[in-house]
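Student: One-letter residues, chain by chain:
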Amino acid sequence: MIALEEVRKTYLLGKTKVEALKGVTFQINKGEMVCLMGPSGSGKSTLLNLAGCLDRPDSGKIWIDGEEVSLYSLKKLAGIRSSKIGFIFQAFNLIPVINVYENIEFPLMIKKEKISEKEKKTRIDNLIQAVGLEKFAKHRPDELSGGQRQRVAIARALVSSPEIVFADEPTANLDSETGKTILELLASLNQNKKTTFVFATHDPSITRYATSLFQMKDGILSKKEI
Amino acid sequence: MNTVKNFIKLSFKNIRRHPVKNFLIGIVIFLASILFLFNGSLKENAESAWKDYFSRTFTGDYHITSYQGLDRDYTLPSFTLPRKMISSQIIDYLDKNQVVYSKRIKIGAAVYDDKKSEFKGSLPALIGIDWEKELALLSNLKIVSGRFDPDLPNGILVWKEYADSLKWKAGDEITLYMKDTEKNTYPYSFRVMGIVNHQEGASLEGKGVIQMFPALFVSYQYLALQLGIEDNQAVEIAVWDKEGKYEKDLKKLAEENSLQYFQGTQGYGIVFGIVELLGFFGSSIAALILVILVVATLNLNMMGFFERRKEIGSLVAMGARPFWLVGLLLMEMVVFATLVFALACGFYFILTQTGGKGIDFGEMAVFFAGKKFTAGFELQSVVNGYLTILIVSFISSIYPIYLTTKINPVDVFREAEI
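Chains A and B, in that order, give the protein sequences.
Numbered according to this note's numbering, the first sequence spans residues 3 to 228.
Numbered according to this note's numbering, the second sequence spans residues 212 to 629.
If we strip away everything but chain B, and leave its shape as in the complex, we get (with noise of 0.2 Å):
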């Protein structure tokens, strides 16, 4: 206990002993550190906007479906409905443990061109819901043109964008192609009797080849029955539990059941793309200053390092053993990177707490969901950071350590005699 508390005193001496080369070295762990943090805060924002934009507008805060693999993807539907539906397991926990959920049923349909006499570019993904229940809980969702009539039972609201790029109005009378539990294709006719928009958020509606929101919304009861789906059945459960209170077990059951468990970013594989694309810009420029970290504390070190040969040789002329300056060499890293990690963390606290309102990123905003950038003080990317910088500077220290044991005190003497 006290060599280790020699350790930290003697450190403490040592980095107040060069000032200029901690300092260098200090910048280069500070820098590293806040843009960790930084980093982190990248991409909690952009998982956490998206997740809050997908709960609140299309898929609650989490889903479970019986598609599989990619046929899961929203922007890329299934043109069949899956070979099995949700099993009553999950919605009977559902139902015991009272969470709130919805039943869907999700299948791609088709625009037949009658001029063309083709179809139509990519599937929308038609959804199946709940009016009642889900109306209320897409809060995110509003009426641009035309009304909700709970009355009209083929009634559906089309997704803006979607709408626009097939020149659809409120009251027109529209076909959709889909197949049936028989796996047979009809046209089935719809009364569009609203187009919907997002209220906030993401302005993601892409007029490219594959369209980011081509979502139609109808009645669950009326698909069911178009479809041969039996009652009570669905496809999907769009689940609301923003606490993620059931998450693990219904993610068990899901998987028990062979359905996939998913979360909103994930059922857009587009935007699911776009936030994992901002992860991997955040890790290359985290490489990239790790690599710069390295090199620079390595050299630095390395100055330190022929700084003190004679006082090591001193020591070891003392009776040092090897493993006795190895502790007293990594302890003045961990105690420098603490001290600095510390001060850089102390830094970004304070940017949080007078960053306003957050960060408007301008068209860069599609990566938070169209919302402003708040830097946030995750205690996982706090964690990640420091053991991140104490990693780097053990290896940046390793090699000038190596030396250190290997120093014999009769060549330091006799080359301060030269």
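Isolated chain A, as found in the complex (with noise of 0.2 Å):
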């Protein structure tokens, strides 16, 4: 499903340059869940973005079901975002001044192919239950607890039906019994709709869920066994 060859990627940081990957070659299949442990700063991050199309690599290919996407414009690239790729971010990055439903639909609204408002509402309905916030649908983001957030996040990830959903470090700003019904929540979804996620963390009880398990250490990805 997603295949990357050699890919690199070096940041200027001031003026020093950082080689966040030095060469990285691995695949994702779909339904699996793929978890990228590392400390900090080992290039978790970079290679999610780079998966996930938020960004594009110095050399080295990236496919995305059998196209290559790495020498994508930015525009073809929000599009293959949009219509196949779900993110959730360590901060959440709700829009704060929309309620629980309106920032769940907000991929539909950006996304160019249009469902109909009877499906939209379906779709959006479902997930509200499926995150367990029918209570708080028409809660604001700074009405909600952190655990709360962070499950309006996944229900936005998911709202568009993407094949693939990258989260970095989906757990870190929750506490150990809400990044649990989380990660749970997330692992019945990849059981029921075959939806692929890749998780980059440093936090060891997501390994537990993982079918793939790969370690970042300075730039270089190495697979471990589970």
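Misleading hints may appear alongside valid ones.
[To be verified] Keeping only pairs whose Cα atoms sit at most 27 Å apart, straight-line, the calculated BS3-like set for lysine-lysine is: (1) B:Lys378 with A:Lys114; (2) B:Lys254 with B:Lys459; (3) A:Lys219 with A:Lys32; (4) A:Lys78 with B:Lys617; (5) A:Lys77 with B:Lys521; (6) A:Lys123 with B:Lys224; (7) B:Lys371 with B:Lys262; (8) A:Lys113 with B:Lys617; (9) B:Lys521 with A:Lys140; (10) B:Lys326 with B:Lys307; (11) A:Lys77 with B:Lys617; (12) B:Lys224 with A:Lys122; (13) A:Lys113 with B:Lys254; (14) B:Lys220 with A:Lys137; (15) B:Lys378 with B:Lys326; (16) B:Lys568 with A:Lys77; (17) A:Lys182 with A:Lys219; (18) B:Lys380 with A:Lys17; (19) A:Lys63 with A:Lys226; (20) A:Lys77 with A:Lys113; (21) A:Lys113 with A:Lys140; (22) B:Lys216 with A:Lys140; (23) A:Lys19 with B:Lys521; (24) B:Lys216 with A:Lys137; (25) B:Lys331 with B:Lys380; (26) A:Lys219 with A:Lys195; (27) B:Lys224 with A:Lys116; (28) A:Lys63 with A:Lys196; (29) B:Lys521 with A:Lys113; (30) A:Lys196 with A:Lys32; (31) B:Lys216 with A:Lys122; (32) A:Lys116 with B:Lys216; (33) A:Lys114 with A:Lys195.
Derived by calculation from the structure, the hints in this document are not laboratory data.
Put the two chains together into one complex, using the hints given.
Tutor: Pasting the structure below:
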């Protein structure tokens, strides 16, 4: 489903060149639950950004569903993101002025392919139910707890029925109990809908749910046995 | 359609989200809108007050003259009759449509100073009018001394300020020098039967080099006879058509016959200048406001842009394309500008309704032909003001919106981590 071949990425931090990825090659198949482990600054988020079409590599190739996307324009990458990819951000990144229902609805507003109002409502209502926020649909993000916000972010990432969801430190801002609930929710979605998940984390508790485990260190990726 | 609806919905929510920033931008737009509406009213007041003044005091609602260029100016009248007269086509049109009009002969007349053996200062405009018709139509004129005598063929009514400057009184015999149709200059005798002044309105009678209203009224028939102008011919036509029903046709006929069409203010160059000055003054204030508005809103929009970078980065990460973001932000700008402008219009409308009998500008009343200023709610000013506010808001949003389309979510998220 997603394949990376010899992908390299260097950033400039002030005048210093930081080699975030040093020739990463790996593959993710449909329905997998992949976990990228590693300390801060090891290149996990950079790998997630490249695989999630948020950024372009300096060299190497990226394929999504057989299409080579590494040379796509930013506009074309935006199209792929809205149709195939969902993101769960560490800091939730919800839109503060709109309520839970509207936040979840947002990706559908952006999406090029339009769906009927009825279908839209059904999808959102089902997701709100799935993440257990029925009572909070009309609440704004600042009226929710950290766990509830993360659940909104999950529902938002799933509403456009993406084939793959990238989650960057999904449990970092949550207490262990809420983190567990969230991970079980994602695992059930993976089981029931065959949605592919890629986690970037240094939380070892996530590995319990992973079907593949990778270790990132100094921009180099290595596979680990579960 | 749904996208627009969503944009509008989000715009309202985002406007409420930055109350301080939007309050500040709102105040600037509000004040600019009020000043725009007020400015429009200033020029409109001046124009309509002067138009009414000239209509009832000198020129009718509008004029057609065979004088060209500056020679048509009542404050600088020509010493020579024009080469051609008003065409019969125009007179036939007026008769056929039963338009209220009057034929006139206008010429600059010189007064000779016997003591200094030279002609005196500027020429007064001598206007030959149909007494019976015009003394009723020129309703703002009043005879302040002497009396009108229809049986006195060479009787003349002299504008008070001019009579005072030459020490003429009712009953005086005066001599004016004019050029006849053969371009020969002769002296003509007149009897001052009355001194005239306006009943209400501006007191612009200047005592300087250029006198504002050195107008003298004589009988059309007598003047035509003296100058050798054939009966029924006219140098000018004054038309009373307040609604402007025939204005378009007459303008066109004047153009076809190489005649000049003008309104009162344009026939009195100095007054025209005053109105234009007021317009220029208003436009200058408006331009200044616009510059302040652009700078203020640009700065505040930039602040808004930096505040929302992370949120916009998230939208981009979710797949929002640049045109979508531009649409959203432009809609926010339009909704906000429209809301504030509507509020300003409402406030200004209330002001116009509660303004009483108008504002007395004292010495500055000359701008409004001596009348009080009454703030009006002009549709044209509303349209112009709204479009200007929209354009200015758009200009001050271009750069922040451009920056928005260049946001790279990866950079934004990395900055957020720092």
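Student: Given the proposed pairing of Lys216 of chain B with Lys140 of chain A, does the C-alpha separation stay at or below 27 Å?
Tutor: holds (19 Å)
Student: Just to be careful, I want the Cα atoms of Lys216 of chain B and Lys122 of chain A compared with a cutoff of 27 Å; is the pair within it?
Tutor: holds (16 Å)
Student: Quick one, are Lys224 of chain B and Lys122 of chain A close enough, alpha carbons at most 27 Å?
Tutor: holds (21 Å)
Student: Does the alpha-carbon distance linking Lys116 of chain A and Lys216 of chain B stay inside the 27 Å limit?
Tutor: holds (14 Å)
Student: Are the Cα atoms of Lys378 of chain B and Lys114 of chain A separated by 27 Å or less?
Tutor: With a Cα-Cα distance of about 87 Å, the restraint between Lys378 of chain B and Lys114 of chain A is violated, given a limit of 27 Å.
Student: Next pair to validate is Lys326 of chain B with Lys307 of chain B; report whether the Cα-Cα distance is within 27 Å.
Tutor: Not OK: Lys326 of chain B and Lys307 of chain B at ~52 Å, beyond 27 Å, violated.
Student: Are the Cα atoms of Lys63 of chain A and Lys226 of chain A separated by 27 Å or less?
Tutor: holds (23 Å)
Student: Does Lys195 of chain A lie within 27 Å of Lys114 of chain A when you go C-alpha to C-alpha?
Tutor: holds (23 Å)
Student: Check whether the Cα positions of Lys521 of chain B and Lys113 of chain A lie no farther apart than 27 Å.
Tutor: Distance of about 20 Å is within 27 Å: holds.
Student: Are the Cα atoms of Lys113 of chain A and Lys617 of chain B separated by 27 Å or less?
Tutor: holds (20 Å)
Student: Hey, Lys77 of chain A versus Lys113 of chain A, does the alpha-carbon distance stay inside 27 Å?
Tutor: holds (13 Å)
Student: Tell me if the straight-line CA distance from Lys77 of chain A to Lys617 of chain B falls inside 27 Å.
Tutor: holds (11 Å)
Consistency with the previously given hints fails for numbers 1, 10, 13, 16, 18, 26, ordered from lowest to highest.
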